[in-house]
Structure formats: C-alpha cells, structure tokens
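Participant: Chains as they are written, first to last, in this note's numbering: chain A, 1 to 328; chain B, 1 to 325.
Read the hints as simulated data drawn from the structure, not as lab findings.
Even for Gly, the Cβ is constructed at its ideal location relative to N, Cα and C.
Heads up, a few of these hints could be off.
[As the list claims (entries may be wrong)] A partial selection of chain A residues facing chain B, derived with a Cβ cut-off under 7 Å:
#1 F29
#2 M55
#3 R89
#4 G90
#5 L104
[Unchecked claim] Facing chain A, according to a computed beta carbon distance under 7 Å, are these residues of chain B, among others:
#6 N133
#7 L218
#8 D221
#9 Y222
#10 T225
#11 K227
#12 A228
#13 K229
#14 N234
#15 K243
#16 P248
#17 R315
#18 D318
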Amino acid sequence: MSHLLEVKNLRIELTTRDGVAPVIDDLSFTLNPGETLSFVGESGCGKSMTALALMGLLPEKVGRVAAGNIIFNGEDLSQASDQRLRAIRGNDISMIFQEPMTSLNPVFTIGEQIAEVLRAHQGLSRRTAWAQAIELLDAVRIPNAKDRVSDYPFQMSGGQRQRAMIAMALACQPKILIADEPTTALDVTVQAQIFDLLTDLRNQTGAAIILITHDMGAVAEMAERMIVMYAGRKAELGPVDQIIEHPRHPYTKGLIECVPHIQSNPSIERHDLVEVPGIVPSLREFGKDQCLFASRCAYLTEACLTSRPDEKHFANGQSADCWHAEAI
Amino acid sequence: MGILRIIFIRVVYAIALLLAVIVLNFSLMHMAPGDVADTISQSMGGADQEILDEIRVSYGLDQPFIVQLGRYISNVVQFNLGYSFFYNQPVTKLILERLPATLLLVITAQIAALLIGVVLGVISARKPNGLSNYVVTFLALFGYSAPVFWTGILLLITFSLNVHWFPVAGMRDVTIEGGFWVHFIDVSRHLFLPAVTLGSIFLALYSRLSRASMMEVLGSDYVRTAKAKGLSENQVVYKHALKNALSPVITLAGLQFSAVLSGAVLVEAVFSWPGLGTLAFQSIIARDTPTILGILFFSALVVIIGNLLTDLALRLVDPRVGGNK
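Throw the hints in and build the complete structure from the sequences for me.
Facilitator: Have a look at this one:
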C-alpha cells in the first residue's frame, strides 16, 4: 500500500539561546490520499513545527530538519532544493494559517492574492486566473463572489477571510491541505461553518487534510485518525473513535477528560472538570532519555524517569508511547 | 468617498493654512527692527528723518499695521506679491524665475534619496547580519551626521577642483550651444553634486526607516502566507513585503519635504545654484521685505502641495488609508 505522505523518524532542532533543542523528536506517521489526520496537543508541543517542516518553511537559521525523511509521492522533501519546494508549496501541499486577520496581505485584493497562486503554479493568464478566483470564492460560499473578489481583506469579516484563505489554498487542487488551527480566531458558529466547508471540499477534491488543533470536538467530527503530541514527541496515534473511547496514554486521557460536557439538567450531580496538573517541560529538557510527561503523570514509576518509553502497538491500530499503555 | 472630494477638502484646508502663513509671516517681518527706508537711506549714504518719512509714506509704511496687512493680503490674493526695490522687479516674476531651479534640485534630491534609500533599506533588511547591512548603516550614520554645507564643500573640492568631473558652480554653462539634449546633459552635470549633497541626509533617514519597516513586515503572517504559496523570493520581498513597508517611508518623505526645502538654502549657497535659496539669502541681507515674504509664501505653497501629493501617494499604496469602503 503506498502512502501519499510518509514521515520517518523526523527530528527538528531549534537553536535557542540555551543550545539546540529537539522540538520534534523521532516522529513517524503516514497519510493516505483523501484522509483527514489530526494533530492534537497543547501549545508548544510541536504541531505547528511539523506543519512548517512539511512545507519547508522552518524559520531560517533557527530551525532545521536534523534527521529523518519526509517522503511525499516518493520524493524526499527534507532533501529537496529550495526551487523544488517552491514548486510544491501552494501547488501540491498548501496550508491555511491560524490568524485569518493577519495572514492575508492587507494591501492586495482578495482576487489578486488568489489569482497569483494560479499564475505562479499553473501559468494561467491574468484574465483566466481572475475568472478562476471568482469561481473559487464562489466554491467557498462567499456570497456575491463577483463583487467581493476585488475587495481588500479589511473589508471582510474574519470568517470570510478564512474562506478566502481556503480558496487560496485550494486554488491548485493540492493533494495535501494543512490546516493549522483554522478556526481558533473565529467565533463558534463560524467555526462550525468552516469545518463543514472543509469537509465538503475534501469530499469534492479528494485532498488529504492534516488538521492541527486543540479542539477535541473538531477532531471527533472531522478526522479519521489522530496523533497526540506532547513536548515534541508522539504520545499516541490511532483511529479517532478508538482513542476517544479508550485512550492508552495518560496525557490523551487527561486531554479528553478536559473537554466539558453540556448537561440538560445542571442540578443533577456532575463530575468536576478535570485538568492535567503541572506544566509542559521547558525546551531544555526536550532531549532527555525519559518520559517527558512523567512529572505530570498519575501512573509514574521508576521506568518512566530512566528511559524513554517504547511505542506499544494494539490490535485496533492504536499505538502509545507509554510504559503503562496496557494498564490504562 | 471620491478622490475628487478628498482633493477639494484638502485644497480648502490648504487655502486657510496659506492665509494663516501670510498673516504670521507679515506680522513677524513687521516686528523685526529695520525696514526698507533704513536700507535705502544706507545705500544713499545716510538721510535725515524727513527723507526717511518721505520714503515710508511712498511705500505705505506710515499706515497702521492692520491696514498694511489688509493691503498685503488683498494683493497676494491677486497674485501680486509686491515690488522688490532691490531687484527692481515684481516679486512674483522674480520668484517664478528662480522657482524651477529650486524645484529641480529639491525634487531630484528627494526622489533619488527615496529610491536609493528604500533599495538600500531592503537589501540590509534581507540580511540583517550581513556585510551590506553594516555598510548601509555606516553610510546612513555618516550622511545623517555630516552638515550639508560641509559635505557640499568636500564634494566640490574633490570632484570639481581636484578631478574636474563636475562644474564648480551655477546651473548651466552659458557658452554651450546646441539642442535640447546638449543642455539637458549640461544641467545634469551641474545638478549632480548639489543633488547628492542635499539627498545625502534624507537618504540616511529613508534607508534606516525602510530597513526597520521592512524587517517588521518580513516577519509578518502574510509574508509567511506568500512563502507558503510557493512564490519566488523576489516576489515575496518586492511585491508582498515592500508594498506594506512603504507606507511609513512615504509618510516621512512627506514630512521631510519642508526640511528638504530649507536644506536647499544652504546647498544653493554652497554651489551658487540660482534658486530660491540664493534669492532668500540675498534678500535677507538686503532687507528686501516683499521678496522675503514672497519666498516664504511660495515655500509654504510648495510644502502644502508636497503634503497633498504624499497623501494621495499613501492612498495609492495602502487601500486602508481613509477607509474608503
């Protein structure tokens, strides 16, 4: 079976004032065509770094791929030239960013920003590219696309801007769409609309989606498989429904228990909202040969502090990096 | 809001502002000791009080201040800036003869400083720790701290006296004959050193500001988006980043327009450039009040027009200016 994307033992190092820290440490996963894979974890766990690495957009001079491979369609992107990466970015792999307010260029029209991608990758003429930009805006359900196409970003609402971003990302019908917290900056009703839109567009275009989020609800709704990240390492990987039903890593368990549930009758007794105690370790501790979650874990034993846990595989496709995975 | 309406409103403001400038200038000149009568009597080798009074009556200087002011304003409104006894010419004619030379110098210096400054700023912003950055920073610091007349004289000695690349003074060589291009080249050669001298201070300002502005923009989200689209490095920098980085530079350039104009006085004096600056200098020495007032009026006019143009340029670069929905 051939995967669309295969990431093998990826290690990304960031140079900080305190030295070199592995912000992604030994990460492996695969992505199949048309699939939605979700990355979950708290801020600073390496979700966005993974996305930037896939795009070849790690911050210059600060971040680099230190080891491992990113194999897309049989081609190793970690070894590819800048020129080759430019040809892939926005064309085969494209990305939607977290902040629709600041991610669009304020001094160019929406139409120009969409048409530009088409001109760069598909060699379309100005006129054809513009016409296609209108169609794309229509496809992401911006009403009256013909008039809105010559609007500037400041003339649009947050939700509309994110739709325009999606139109821009899907312009060249990419094989992979990376959505880095696409709804964090939007209000709840708009969030739901954006997720609906992404699902519909995925079904139409067959693009695989990598959804980066910390919204468990979004994961449950959109993704088939999920990867839980903690401190630059993979904590757990598997089918979404399996993981939510029976998490095998104490961190995943904590994350799921953190999600509040609505009750129809608030007067009946309900559980307290659980939190994961403690804080994320600092970058300095990222490389250590131990379980990085140990200090916050209820299942802590001697083994957790002396060696990094192995990956434990389960029959249902789940795998967890925890010494106590079977016991949980 | 239509662009015509904006221009109309601005012109109304400009007229009010000009009127205020006229009143202020006239009052200041009136308060200063000494007047035309003194200068004339001096050139005659002295005169008694009777003759002085006679001269004052003939120039209307015996009238109360408010009457003089009223007369002056009503004259200015009719584009009559008075008569210069020193040059024996109407002031308007005198100024219009000199204005083109100053505008040529000021605009050339300003545009050259802007273009070169922005390019240098962008180059040093792209490699903040590279050698080019240090060279640009050094040049900027040097240009900004050296006084114009000193830079001017230094350039004059080096390039006109020692190596004879450029003429020493003036705007054109009267002995030269030929068509338009011959004169064009002649004027350009005369223009080069004064423009470089005047531009050097502003080049420093613009390169520093565009460097800072560019560095901020290069770290913004939309530049990352542009990279994620797979655009080439040059498109990312010169299209997406530069257009955003330009706004503060244009604003500063507009504000600096008056400084360029006053800087031109010194530069014109050093290079004997036959512009308003030289005229202002001479008429101050001669206490030629109508000419001084006329020059101040025209300077205010030029600055106001410069600011209006800046405002329009900003609208062109940044659609958010003015919030025109």
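Participant: Decide, hint by hint, whether the structure agrees.
Facilitator: We went through each hint and held it up to the structure:
1. At about 21 Å, the closest approach between the beta carbon of F29 (chain A) and any beta carbon in chain B exceeds 7 Å, and the interface hint on this residue is violated.
2. The interface hint given for M55 (chain A) holds, since its Cβ lies 6 Å from the closest Cβ of chain B, which is under the 7 Å cut-off.
3. About 4 Å separates the beta-carbon of R89 (chain A) from the nearest beta-carbon of chain B, less than 7 Å, and the hint is met.
4. Taken as an interface hint, G90 (chain A) checks out: its beta carbon lies about 4 Å from the nearest beta carbon of chain B, inside 7 Å.
5. The restraint placing L104 (chain A) at the interface with chain B holds, with a minimum CB-CB distance near 6 Å, inside the 7 Å limit.
6. Because the closest C-beta pair between N133 (chain B) and chain A is about 15 Å apart, greater than 7 Å, the hint is violated.
7. Below 7 Å, beta-carbon pairs count as interface contacts, and L218 (chain B) has none with chain A, the closest being about 10 Å; its hint is therefore violated.
8. The closest approach between the C-beta of D221 (chain B) and any C-beta of chain A is roughly 4 Å, which is under the 7 Å cut-off, so the hint is satisfied.
9. Of the supplied interface hints, the one on Y222 (chain B) holds, with its beta-carbon coming within about 4 Å of a beta-carbon of chain A, less than 7 Å.
10. About 5 Å separates the beta-carbon of T225 (chain B) from the nearest beta-carbon of chain A, less than 7 Å, and the hint is met.
11. Because the smallest distance between the Cβ of K227 (chain B) and any Cβ of chain A comes to about 6 Å, under 7 Å, the interface hint for this residue holds.
12. For A228 (chain B), the interface hint holds, the least distance from its beta-carbon to any beta-carbon of chain A being 5 Å, beneath 7 Å.
13. A distance limit of 7 Å between C-beta atoms decides the matter here; for K229 (chain B) the minimum to chain A is near 4 Å, and the interface restraint holds.
14. Hint status for N234 (chain B) relative to chain A: violated, with the closest Cβ pair at about 12 Å, above 7 Å.
15. With 7 Å as the threshold, the beta carbon of K243 (chain B) comes within range of chain A, its nearest partner Cβ sitting at about 5 Å, so the hint holds.
16. With a least beta-carbon distance of about 13 Å to chain A, the hint placing P248 (chain B) at the interface is violated under the 7 Å criterion.
17. Below 7 Å, beta-carbon pairs count as interface contacts, and R315 (chain B) has none with chain A, the closest being about 11 Å; its hint is therefore violated.
18. Using the Cβ-Cβ criterion of 7 Å, the hint placing D318 (chain B) at the interface with chain A is satisfied: the shortest such distance is roughly 5 Å.
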